[in-house]
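A.B. asks: Residue numbers (our numbering), protein chains in the order written: chain A, 1 to 300; chain B, 1 to 323.
Derived from the structure by calculation, the hints contain no laboratory data.
One should not assume that every hint holds.
[Said to hold, decoys possible] Chain B stretches covered by chain A per the calculated footprint, using a threshold of three residues with CB under 8 Å from any CB of chain A:
(1) 4 to 11
(2) 95 to 103
(3) 276 to 286
(4) 292 to 304
[What the hints assert, rightly or not] Here are some, though not all, of the chain A residues that point toward chain B, as calculated from beta-carbon distances under 8 Å:
(5) L45
(6) A46
(7) L49
(8) F53
(9) V155
(10) I262
(11) I276
Predicted, not measured: the structure shown is a model, and the values here were computed from it.
Backbone N, C-alpha and C fix where the C-beta goes; we use that ideal spot for every residue, glycine too.
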Amino acid sequence: MRGIIDMERLKTTVPGNGAPITEWKRFLIFMRTHPSFTIGLVIVLANLLLMIFGPILAPYDPFEANPAVVRQAPSAAHIFGTDLNGMDIFSRVIYAPRIDLTIALVGTAISLVIGILLGGYTGFWDNWFSTLIERVADLLQAFPPFVLAMALVAVTGQKIQNVIYVIAFLNIPIYLRLVRSNVISVRNCTYVEAAICVGGSKTRILFRHILPNVISSALTQASINIGWAILMTSGLSFIGAGVPVPTPEWGAMIAVGASTIIMGEWWSSMFPGLAIVIAALGFALVGDGLQVFFDPTKRS
Amino acid sequence: MIPQLLGITLVAFLLVRLLPGNPATAMAGSLATPETIAAIEARLGLDQPLSTQFFMYLKNVLQGDFGNSWYTSNPVASDLAVRFPATLELISLGMIIAIIVGVIGGSISALKPKGFIDRITSSFATIAGALPEFWIGLLLIYVFYVRLGIAAAPIGRLDIQLPTPPNVTGMILIDSFLTGDMAVFRSAVSHLILPVLTLSIVLLGPILKMSRTSMRDAIDSDYVHYARMCGMNKKCVVEYAFRTALPPIVTIIAVYYGFMLGGAVLVEKVFGWGGFGQYAVQSVINKDYFAVQGFLMLAAVFSLFIYLVVDIIYMIVDPRQRP
C-alpha cells in the first residue's frame, strides 16, 4: 500500500515534467551540464575507433620506410611530414592507438581485477596472508616506478605483452589500497551484519554485498590511471626499453624525432606527443567526470 | 624503518638477479674461455648459492660497500655519490619553483572560486597530468634553443670548455658560487633553466590541485567561518586557514619529491644530464648488477627519508601530532 505521498514517484521525477528519469537520461543530462566530461568521452571514443580502424585509415603503410622521402616537412602528400627513416608520421600516429591503448587498457584491466580481489581479501580477512600482501605492496611502492618498470621489462624481455604485465603489476597496489580502505569502511555497516545474521558465507558477503558498493571508486581510479599507463608506455619506449622498434608507438616516435629536433625538424616529435597528450587528457577528463557522476557530493 | 630497509635490500637483490644475462660473460668479453668466465664468477661470488650471496651483499652494504660497477669499473658508492647531487640539484630547483607557483596559485584560486585565476589553474592542473615530460623538454629545446637561441645546448650541466668547480657539495650551482667562479655559475644556470622548467611544469599540476582542494576545505570549515564572524581581518583569516590546509599539501609535495629522484630519468635523458636516473638506465641496459641494486636502494631510502622529514614537518604545523 502506498502512502498519501507517492514516495516512489517523488524520487524519480522532476517537478513540472512528470516523466520518470532513467539512469540513461540522468547520464545525458550530466553530459550536457559537464562539457569537459563530454569532450573527454569524445576523445576516448575517437581513440577507440582509431584502435579498430586506424590501419584502414592510414594513407601509407606505417611500417614501410621509403628512402625517397626522408625527413620531409608536412605537405599535402604527408600531412604530418616524414621521419628520418622515411616513414609517414600521420599513418604511424593513427596506427599507434592499437599499441598504446591496448597496453594501457589491458594493463589497467588486469591490475583492476587483481587489485579489487586482493583489496577485498585484505580488507575483509585479517590474517598473516593479508598482512603479507599489504607489506609487499608497501615495498613495491617504495621503489621509483619508472626504473622498476624498466628493470622488469628488461627481466621479461621487450615484448608488447610483457609491457602490459609490468604496467599491470605496478598498478596493483593502487587499487589494492583503495579497495581495502573502502571495504574496511563498509564492513561494519548494518547491511553487512544483516547478511552475516541470515547466514551468508564470508566469500558470498564480500562478492554480493561489499564489492558492489566499493567498486565505483576503483573504476573511476582506473580511468584516471589509463592516462598514466599511456605516459608510462610511451616513456619506456622513448628510452628504448618498451615496445620493440619499428612498432608504431607514440613514445618511440618521439625518440626518433628527438635526434633531429636540434636541426629544426619539429614535426616528427611534435605530432606523436600531441597524440599522447590528447589521449591521456581524454581518459583523465572521463575519470574526473565519472567521479562526480558517481559521487553527487563532489558536484559543484 | 629497519624491516623496510631489509625488505628493500632483499627485493632489489632478487629483482636484479632475475635480469637476463650474466655480468661475468659480459666482463670477460666475447673471446673468453669458460675457465676465465668461471674465474670471474668466483671473484664476484656469483658461483655461491643465492642466500650466501645475499648475506655477503648485506654485510658489505652495512660496511658502506655497494660493490663495484663492472661497466664504469668504479665502486658503485662513489659512482652514485657523483651523480646523486646532480639529480638532487635538478629536482630540488624544479620542486621549489613548482611549490612557490603551485601553493600561491592554488590558494588564490581557492579564495576566489570560479574566478579568472581559478579557471586558469584548474585547466592547467588537468592538462599537466597528461603531459609527457620528455616531450615538454623537447618542445622547450626547440623553442628556446633551436628557434630563439637563448638557452644553452641541451648537453650536460656545463659548457664543455669550462672546468668543473672543486667538489664541495657536488651541486655545480652551489660549488661555483662558493668558489666565486661566476662564468661557471652563469653557465650552470643557463643549462639548468630548461630542465628545471620542464620538471616544474610537470610537478605543478598535482601541487596546484592539492593546494586548491585543501585550501578550499579549510576556508569552508566552521572555525574559519567563526573567525570571520568574529570580525578578524581578511589577512588573518587567510593565514589561519592556510595553516590547517598545509598537511595534505606537504604530503603531496613529499610524495612527488621522493618519487622524482628516480622519476627524472626521462628529463635527464633529454638534456643529457648524466645524473642518477641516467646511471640507472645505463646500468639496467648493461646488466650492471651492483649498480642497479645500489640505485634502487638509494632511491627507496631517499623516499623513506623524505617521509621521515614529512612526519617532522607535520609535528611543526600541527600541534596535535606532537608527542
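A.B. asks: Give a verdict on every hint.
C.D. replies: Comparing the hints with the structure gives:
no.: 1; hint: 4 to 11; verdict: holds (count 4)
no.: 2; hint: 95 to 103; verdict: violated (count 0)
no.: 3; hint: 276 to 286; verdict: holds (count 5)
no.: 4; hint: 292 to 304; verdict: holds (count 7)
no.: 5; hint: L45; verdict: violated, 17 Å
no.: 6; hint: A46; verdict: violated, 15 Å
no.: 7; hint: L49; verdict: violated, 20 Å
no.: 8; hint: F53; verdict: violated, 24 Å
no.: 9; hint: V155; verdict: holds, 5 Å
no.: 10; hint: I262; verdict: holds, 6 Å
no.: 11; hint: I276; verdict: holds, 5 Å
The structure fails hints 2, 5, 6, 7, 8 (numbered hints given earlier, in ascending order).
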